[in-house]
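Chemist: As a plain string of letters, each chain reads:
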Amino acid sequence: MQRRGGWLAQAPRITLLLMVAPVLAGLAGTLAPAFGIVPMPDAPPGLAAFRQLADWPGTAEAARLSVTTGVAATVLSLAITLLVVAALQGTRAFTLLLRLLSPLLSVPHAAVALGMAFLIAPSGWIIRAFSPWATGWTAPPDLLTLNDPMGLALIAGLVAKEVPFLLLMVLAALPQTDAPRRMMVAATLGYGQTAAWAYGVLPAVYRQIRLPVYAVLAYSMTAVEMALILGPTLPHSLAVQITLWMMDPSLAQRGTAAAAALLQLGLVGAALLGWRGCEMVARRLLTCLATAGARGAQLDAVLRPAAAVLAGLVVAAVGLGLAGLAVWSLAGLWSFPDAWPDTLTLKTWTRAAPDLAEAGGMTLTLAMLATLVAVTLTLACLEAEARHGLRPTSRALWLLYLPLIVPQVAFLPGLQFLALVTAIEGTPLAVAAAHLVFVLPYVFLSLAPPYRAWDTRIATAAAALGAGPERIFWQLRLPMLLRPVLTAAAVGIAVSVGQYLPTLLIGGGRVVTLTTEAVALSSGGNRRIIGTYAILQMALPALAFAAAVALPALAFRHRRGMQVAA
Amino acid sequence: MTRRILAALAATAMIGAGIPTMAQTSPEWQAVLDEAVGQTVYFNAWGGDPKINDFIAYAGEQAMSRYGVTLEHVKLADTGDAVARVLGEQQAGRTTGGAVDLIWINGANFAAMKEKGLLHGPFAESLPNWRWVDVAGKPAVVTDFTEPTGGLESPWAMAQLVFEYDSAVLPEPPRSTGALLEWITANPGRFAYPQPPDYLGTTFLKQVLYGVMADPAILQQPMDPATYDAATAPLWAWLDAATPYLWRAGRAYPANEPALGQLLADGETVISFAFNPGRASAVIAAGELPDTVRTFVLKEGTIGNASFVAIPFNAGRMAGAQVVANLLLDPEVQARAQDPAVLGFQTVLSVAALPEADRARFEALELGVATLTPDQLGRTLLEPHASWMEKIAGDWARRYGVAQ
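Residue numbers (this note's numbering), protein chains in the order written: chain H, 1 to 566; chain W, 1 to 404.
Since the hints were derived computationally from the structure, they do not count as laboratory data. Keep in mind that the hints are not guaranteed to be accurate.
Under the rule of at most 20 Å between Cα atoms (straight-line distance), these lysine to aspartate or glutamate pairs were calculated in the EDC-like manner [what the hints assert, rightly or not]:
#1 W:K51 <-> H:E61
#2 W:K75 <-> H:D355
#3 W:K391 <-> H:D55
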């Protein structure tokens, strides 16, 4: 008993180690080839790799793109999210939006990007819908709506994917901010709803969502799969170019890739610092506005519809894009400018079925493995916290976010290098372990609040009746927390299914999942096949979430106290 | 022993059926045939395409029924794996009884094996069916990416660049490099090529290079830095003139061959191209391209290359491997490979030179609405020396790859 307790008490440390060690090892593994410490065919010791990077004609532009698209996407996502919560909370539109937006959270980035690409392409659904009757176009117009050099399509895709995430984070933070009373006080002083929220609630909320915002900024600057599908190609953004160099079969570009990964890391670090600076300026501004006493009562009339329209656009972009992919997967001949295919057929599905089954099976296996380990570790951490009265420090929270903030392209090359050296590269187990690094934080973030919120008086009552901590955990806490545990598992599965870069790099191209296949196919432009992969990629997490709703309902069908409050 | 008798019986039966190519057998070849009976040949070939796998299985049935040779398809993810295996055997001192008997190979892998002395031969030109191979019309069957094959590998399929166009929009396509440029400038946004270093994109650059160069013969030599600028000046002039009128004004390029094909299917481009003369017909048959799409070639010829089979120096079943290599050149097998419903690969044989009955097999093929006949495909141009494309792809990236 004592020994087990000893192990359990170590669980938080082991978990943090599992998350932090790969990141640090990966960073070290990236540094080595960049400085030629580990000689690569084209990277002798010294700074040759950096010279190669400097010689590549697209370096400056690729770096600029990483910053502009990443910062623009983060600013827009955050602005839309805050606007929606500030202006619409409490309205019926808000409830509706939440219901529409939360399922989007589980849709993998690649699927969102593929759907968007089909919507906005010159031969896509939007232009088809207006052609030829309104536009006069009988052939797709020669417009650069996709892969535009400024990265506008990429920014739009990132915003569509990050708004649901940030919205969820804000909603999770709100209960701890005493928002209703603050709003009420502000309202009695004559402030409009948006202004009241901005002055009264935002400072408290922002403190809580700071880390998620940093994660969004780091992710947006280094997005690979979305940038491959929607982003500029002349040159690619830096993260994509690093990936292309990494995947070069001749291994001749490893040094350049490593040097570029360091550049990327520096860019993200600088952007985060810059963001921190802007936070302080924004705080000063907000204080000035507040002390000036601007009530902003008439703002609501403008901001409410604006927020509704923006949020509606996000929902429509993702929803219609995915619907378009579904239609393509069933389409026979579908010429421009028809808005609907001539014929519908299951041919694409039947032809792709063997490949889909194989990739789907691998995807599910990896997701189950990573999620099982992640949920077990998280439960161990939280239980250790409960039994031993441990409190997570803010440093621990930072470490939890480390894999989400350090750019994937900066530490995955190193991790791949280590996997190569230890000859575990290309094995599903190694890929699942890499997924764990990203699955664990999300599972923890999802499970910790309900776990901590569990009414400990139940445990006290049980202990008074003679139950030991083991029995309390297995027979009371865990069953009562079945719903959040399954939801956290579904989050884990969604995260694992969406992983592109870890699968590609650690799998060495030999571990094929729905996501790697979908992204690989996206460059080929066969929308029918892409549609099948994207639909399946979306279906797996959706099924996991459905199970997270259905199983507890089934298990608790005779327990009125465990029903979901209507 | 039983196997040997069975095979002998099979061979007799076949002669009875009157297969013309077997009519005269030299004593040397007869010795190879005798030795091959009962052997199991391990054919290491890329296994990523079910159609190709089915075709190899068919060749295996033929090898058994005609020659009593068992063909075992070792499905590779990458031809390099087999090359590495043979190299490993050489380094381990295994000079006989190697695991690889026959490899589907071309380009860099062939050059590497040839250079390291990993190949058996020359054997290709002593195969009985070699006499039907179209060496004059398809020089790529003896020159593999400028590397002379020297009989160390035997061709079995051809790929050739063909242009595709929608005849409903464009009645008469431009049939030369110069005319193509005129058409591009007159029809902005309706032509694209994949972004180099994609192989089809670089193939297009080679094609243009052939069309505009004063002396394309130097492409067969390694690139000389001293003459490079002058030699490639017409290529850059052509591209500079065309780029503003390309799809998206050259500010974005399709990623690869499927993406280029999708642009044609979407009607975004009107002229397109592929490295497979049968692609358009196959995609039309699949219902994913309008049936008004047709193909054409340029009058100066288009780039073509061949797929080969080679025998490692230490192959355990040397005779059986040669029998299979010869079988792959058999007119009946070649005609089957060319059938769009089977593979749609172009034959390496000179169809016109074949005996009447074999010619009829090719003439009977339903090529598909958009596929050119072997005669119409015209001259194939040889792949330039690899050093040219390395330099050109790099310069392309500098000039157009980071355009703003």
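Chemist: Out of the numbered hints, which ones does the structure contradict?
Modeler: Failing hint: just 1.
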